[in-house]
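Novice: Sequence:
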Amino acid sequence: MAQFRDDVVFHSPVVFTPYRGRDALRPILAAVMEVFEDFRYVREIGAPDSPDHALVFQARVGDKDLEGCDFLRVDESGAISELTVMVRPMSATLTLADRMKARLAG
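The sequence shown begins at 1 in the UniProt record's numbering and counts up by one.
Fair warning: there could be bad hints in the mix.
As the list claims (entries may be wrong) - Cβ-Cβ distance ranges computed for the label pairs, FRET-style:
(1) A24 to A47: 27 to 33 Å
(2) L104 to Q58: 21 to 27 Å
(3) H53 to L94: 23 to 29 Å
(4) D23 to D63: 31 to 37 Å
(5) D75 to P13: 33 to 39 Å
(6) A47 to M86: 18 to 24 Å
(7) S81 to R43: 33 to 39 Å
(8) R5 to S91: 16 to 22 Å
Derived from the structure by calculation, the hints contain no laboratory data.
Since we're looking at a predicted model, the values are computed, not measured.
In this text, a Cβ means the ideal position worked out from N, Cα and C, and glycines have one as well.
Construct the entire structure; sequences and hints are all you get.
Specialist: Below, the structure written as structure tokens:
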């Protein structure tokens, strides 16, 4: 979590309103690590000197394979100030949403 700014903004693939702050992001990332299986980054897009980066990943949620992308914005010190996650296909996104809801509700 140290790589995220205290005031990081997180845009979820399933919730319209962004989450604000490291404390809001912490339980979400913990739940994601429980829900995703075989998570791996497969490509990085962006120049080293750019504040914007895209990390393409693959994972499985239950019996659904998914592809996704983490869009990162970093500040001048290299800390992540914004994280936007996109996931496809829709069937995997819906399974992800259901499992995340169960983890975060309990």
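Novice: Among the hints numbered above, which are violated by the structure, and what are their numbers in rising order?
Specialist: 5, 7, 8
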